[in-house]
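Protein sequences appear in the order of chains A and B.
Residues 3 to 113 in my numbering are what the first sequence lists, from first letter to last.
Residues 16 to 127 in my numbering are what the second sequence lists, from first letter to last.
Source of the hints: derived by calculation from the structure; they are not laboratory data.
Think of the CB as a built atom: it goes at the ideal place given N, C-alpha and C, for glycine as much as any other residue.
Be careful, since some hints might not be right.
Stated by the list, open to error - Which bits of chain A does chain B cover? Going by a derived footprint, with three or more residues having C-beta under 8 Å, they are: (1) 21-29; (2) 56-69.
To be verified - EDC-like mimics (lysine to aspartate or glutamate), calculated; alpha carbons at most 20 Å apart, straight line: (3) A:Lys61 x A:Glu17; (4) B:Lys24 x B:Asp45; (5) A:Lys61 x A:Asp85; (6) A:Lys72 x B:Glu115; (7) A:Lys61 x A:Glu19; (8) B:Lys98 x B:Glu30; (9) A:Lys53 x B:Glu30; (10) B:Lys98 x B:Asp74; (11) A:Lys38 x A:Glu17; (12) A:Lys38 x B:Asp53; (13) A:Lys72 x B:Asp112; (14) A:Lys53 x B:Glu115; (15) A:Lys38 x B:Glu84; (16) A:Lys59 x B:Glu39; (17) B:Lys85 x B:Glu39; (18) A:Lys58 x B:Glu120; (19) A:Lys38 x B:Glu120; (20) B:Lys24 x B:Glu120.
To be verified - Here are some chain B residues the structure puts well away from chain A; computed CB gaps all over 10 Å: (21) Thr35; (22) Gly57; (23) Glu77.
What follows is each chain in one-letter form.
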Amino acid sequence: GQQVMQIPQYQHVQEGEDFTTYCNSSTTLSNIQWYKQRPGGHPVFLIQLVKSGEVKKQKRLTFQFGEAKKNSSLHITATQTTDVGTYFCAGLGSTLGRLYFGRGTQLTVWP
Amino acid sequence: DGGITQSPKYLFRKEGQNVTLSCEQNLNHDAMYWYRQDPGQGLRLIYYSQIVNDFQKGDIAEGYSVSREKKESFPLTVTSAQKNPTAFYLCASGRTDTGELFFGEGSRLTVL
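For reference, chain A alone in the conformation it holds in the complex (with noise of 0.2 Å):
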């Protein structure tokens, strides 16, 4: 079946730090979504990247989707307290509607 695979599943960052987060399918997507979610919270949605190779920039964050539609990244720059939180990226299949979820990278920044 249709699998998203995230790595790595932990990251540990001083602030100030960089981190980057990868996702990669099985198959082609037709988008990729990203989610935050905070200790103790819901996932929130970031993002989401349609075409192939797209590129988005939200301040400190920036998104990939690869080439062939089957990977991305998540990277931030200069990481915050307050980036602290578990990202997963989410696939949209062939199945209309049905996202897979990567398994998500808990991300902790320490001062």
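Given chain A, put chain B in place with the hints provided.
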């Protein structure tokens, strides 16, 4: 306010009891979803519905049941057949075309 409302936030259940988790949305979304979250496991899809009176099994549907009698509501019943029901349950609604999801705040179920 527009959004997704889940209730209850916390629920305790004795083994052998069924329990129903409520999920209501006023975003006028056609699609609704139930996910289960366990530590280190990410989000696992239990059931989803793209239209009223229709729903599909996700990856871990065994021991759960749902109904979709109204567009706004998608309750989840955790039956006594679910072997490890203690978990954090998340409901979401979304657009069928893009798949973007809006999550409720979750319901934490503990089986004693």
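Problem - Proposed proximity, Glu19 (chain A) with Lys61 (chain A) (alpha carbon, max 20 Å) - result: holds, 15 Å
Pair hint outcome, Lys38 (chain A) versus Glu84 (chain B) [Cα-Cα no greater than 20 Å]: With Cα atoms ~31 Å apart, Lys38 (chain A) and Glu84 (chain B) exceed 20 Å; violated.
For a C-alpha distance cap of 20 Å, please report whether Lys98 (chain B) and Glu30 (chain B) respect it.
holds, 9 Å
Check the non-interface label on Thr35 (chain B): least C-beta distance to chain A beyond 10 Å or not.
-> Thr35 (chain B) is indeed farther than 10 Å from all Cβ atoms of chain A, at 20 Å.
Open item on the list: Can you confirm whether the C-alpha distance between Lys61 (chain A) and Asp85 (chain A) stays at or below 20 Å?
Closed with: Measuring from Cα to Cα gives roughly 12 Å; hence the hint holds.
- Are 3 or more residues of the region 56-69 of chain A near chain B, judged by a Cβ distance of less than 8 Å? Check failed, 0 qualifying residues.
Closest CB-CB distance from Gly57 (chain B) to chain A, is it above 10 Å? Gly57 (chain B) not clear of chain A: closest Cβ-Cβ about 4 Å, inside 10 Å.
Exercise for the section: Given the hint that Lys24 (chain B) pairs with Asp45 (chain B), test it: the Cα-Cα distance must not exceed 20 Å. Expected result: violated, 24 Å
Worksheet item: Lys53 (chain A) and Glu30 (chain B): Cα distance at most 20 Å?
Response: violated, 48 Å
Requested in this report: Decide if the proposed pair is consistent with the structure: Lys58 (chain A) and Glu120 (chain B), CA atoms, cutoff 20 Å inclusive.
Outcome: violated, 27 Å
Please verify whether Lys72 (chain A) and Asp112 (chain B) have alpha carbons no more than 20 Å apart. holds, 19 Å
Pair hint outcome, Lys38 (chain A) versus Glu17 (chain A) [Cα-Cα no greater than 20 Å] | holds, 18 Å
The earlier numbered hints that this structure contradicts are 1, 2, 4, 9, 15, 16, 18 and 22.
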